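The chain contents come next:
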Amino acid sequence: MKKILKFSIIILLIPLTVLLGICLYGNQSYPAVAIIVVLLACVPFFMSFEERSATTRKIVMLAVMTALSAAGRFMFAPIPFFKPVTAVVVISAMYFGAEFGFLTGALSAVVSGFYFGQGPWTPFQMFSWGIIGFLAGLLSEPLIRSKIFLTIYAAFAGLAYSVLMDVWTAMWGEGAFSMSRFFAAIGTALPVTAVYVVSNIIFLLILTPLFGKKIERLKIKYGI
Amino acid sequence: MNTFRNFHPLTLAGYFLSVIGISIFTFNPIYLLSGLFGSLLFLITLMGFRKMFAHLRFYFLIFLIVTFTNPVFSHNGATVLFFINDNRVTLEALIYGAVLGLMITEVLLWFKCFNLVFDSERLLCLFGKTFPKLALVVSIALGFVPQFIRTFKSINSTQKALGFSKRRVQRYLTSFSAVITRSMEGAIITSDSMKCRGYGLKNRTYFSRFRFTAYDVLYILIFFVLLICTLPALFLGQSGVSFYPYVKFEMPTFFTVLSLLSFTVLAMIPSFFEVKEGIRWKYLISKI
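Sequence lines, in order, name chains A and B.
Start counting the first sequence at 1; every next residue gets the next number (the numbering used here).
Start counting the second sequence at 1; every next residue gets the next number (the numbering used here).
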C-alpha cells in the first residue's frame, strides 16, 4: 500500500511540474521542465530496485554491465561515434530483464558523465538509454531467438537514441520546442545517426552470442 | 580550509541548482552577463587563466553557432536585414539568438564548474541515503571503469604485438570480449566476497567524510534569501526585456534592481571564497 502511494505521488508530480512551469513561465520553461520530468520518470525504476531485495550478485552484475558500457566509450575512443554503450545496455536487458536494462542504461549515463562531463543533457541520456534497455527487456525472447529481429532492434535503438537526443537539442536551442528546429537537428545529425545504427548492428550481432555463451557458462558454473 | 568546494555536498548542490535554475529561466542579458562573469571568475580560481582560455574557444564556438542559427528558424521581428529564399532575416532574431547563445554558454560554464567541484564522492554522499543500493552500484562501477580500461589496453597491445587480427576494429572487439569474460567472472567473486563480509546485514553504518556544520546551515540560508530576492522580479516582469517585434528594455523598478543585485552576489560567492582563502594562504606562508 505504502509502495503504491509512493509511486502514485511520483507519477502525479510529472503533470504538476508541467503545469507549474507553464503557469509561471510560459514557453520559456521547456528545457527546465523537460529535465525535471525526465528525471522523475527514472525515479520509479530506481525505487523499485531499492525496495526489492536485490541480491549482492545482482548489484555487482549491474555495476559490471554499467562499467563495461562506460569503459567501452574509452576503449573504442579512436573510432568516432562507434561505441558499444547501446549494445551493452540492450544485451544486459535481454539476459537480465527489462528493469535491469533500464538501470544499466540510466547508470551508464551517470557514470560516463563523470569522465566526459555532466551537463544538462545527462538526464536525457539517462532516460534515452534507459528506455531503450527497458524495451529490449520486454522483447527479450524474440531478440534472443531471431537474428533478423535483433538487427531491426539495433537499428531502431540507434535511431531512437538520436531522435530522443534531438528533441533535447531542439528545445535547448530555442527555449521552446519548435518543429522546424527539431527536423533541422535530425537533418544535421543524420551522418552521426547512420554511424550509430551501423555500429549498433555490428556490436549487437557480434556481442550477443559472446555474452550469451558467457552468461550461460556463469549460470552453470555458479548457479545464478 | 574553508574553500567553496569543502562545503557539504547538499549546500553545493543547492547552490548550483539555484544559479543554473535562474540562468535557464532568464532572457535578460544583464543577468546573463553577471552570471557569466561569476562563472568565469570561478573557473579562473579553479583551473587558472591559461587553461580557462583554452577551454573558452569551444564555448565561443557554441555561442556563435546559436547566434547565427536563430535567424534561420525564427522570422519574427520588425527590422528586416535581408532576405534568404523569401524568408526575412531580422535584427531582432539575431539579437535574440545572441542572448540565447549567452544563456547556453553561461549554463554550460556553470556545469563546467559543477564538474570540477562536484565529484562522484559528493554525488554518492548526496544520494547514498535515498538510494543506498544504486549508490553502491555507481561507486563499484566507478571503480571498475579504470580497471577495465587498463585490462583492455594490456590485452589489446598483447594482441597487436603477437600479430593477431590485423584489422583494428576486429582486434578491438576481440579484446573487448576478453574483458567481458574476465570482468564477469570477477563480478561473481567480488559479490561472494561482499556477502562473506556481511553486506546487507542490519545496522551497517556508512563512512562519509562530509559533515553538515553550522556554516552549511548559514550559507544555505544566505543562498535561500538571495534566491527569494531574485525570483519575484523574474516571475512578474519576465526579466524586463522583450525581443519581438522590437527589442525593448522595461524601466527598472525597485524589485528588478534588487533581483539583479542579489543574483550578481549569488554568482560571485564561490569566487569570493576561493580568492579569500587564496589570500589567507599566501599571508600565512609569508609569515612563516
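No lab work stands behind these hints, which were simulated from the structure alone.
Predicted model only: the values in this text are computed from it and were never measured.
Glycine residues also receive a C-beta, built at the ideal position from the N, C-alpha and C atoms.
Hints may contain errors.
[What the hints assert, rightly or not] List of simulated lysine-lysine pairs, DSBU-like, C-alpha gap at most 35 Å:
1) A:K147 - B:K202
2) A:K214 - B:K153
3) B:K282 - A:K214
4) B:K276 - B:K202
5) B:K202 - A:K221
[Said to hold, decoys possible] Which chain B residues face chain A? A few, computed with CB under 8 Å, are given here:
6) L10
7) G21
8) L56
9) Y59
10) F73
11) N76
12) L108
13) F111
14) N115
15) K133
16) V137
17) A141
18) M194
19) G198
20) L201
21) I269
[As the list claims (entries may be wrong)] Which chain A residues stay away from chain B? Per the calculated CB distances, all over 12 Å, these:
22) L62
23) L139
24) S178
| field | Per-residue hint verdict: B:K133, partner chain A, C-beta under 8 Å | value | holds, 5 Å
| request: Take a quick look at whether B:K276 and B:K202 sit within 35 Å of each other, Cα to Cα. | output: violated, 45 Å
| Holds or violated: B:N115 as interface residue toward chain A, Cβ cutoff 8 Å? | holds, 5 Å
| Pair hint A:K214 and B:K153, alpha-carbon separation not exceeding 35 Å | Holds. A:K214 to B:K153 sits at ~21 Å (cutoff 35 Å).
| query | Can we trust that A:L139 is non-interface, i.e. its beta-carbon lies farther than 12 Å from all of chain B? | reply | holds, 22 Å
| Interface hint outcome for B:L108 [beta carbon to chain A under 8 Å] | Interface hint status for B:L108: holds (7 Å vs cutoff 8 Å).
| query | Holds or violated: is the Cβ of B:I269 closer than 8 Å to a Cβ in chain A? | reply | violated, 21 Å
| request: Could you grab the alpha-carbon distance between A:K147 and B:K202 and see if it respects the 35 Å cut-off? | output: Between A:K147 and B:K202 the Cα gap is close to 46 Å, so the pair fails against 35 Å, i.e. violated.
| Between B:K202 and A:K221, is the straight-line Cα distance small enough, at 35 Å or below? | holds, 30 Å
| task | Answer holds if the nearest beta-carbon of chain A is closer than 8 Å to that of B:M194; otherwise answer violated. | result | holds, 5 Å
| Taking the closest Cβ pair, is B:F111 under 8 Å from chain A? | Hint on B:F111: holds, closest Cβ of chain A at ~5 Å, below 8 Å.
| query | Would the hint on B:A141 stand, with a C-beta cut-off of 8 Å toward chain A? | reply | holds, 4 Å
Of the hints listed earlier, those the structure fails to meet are numbers 1, 3, 4, 6, 8, 9, 11, 19, 20, 21, 22, 24, in rising order.
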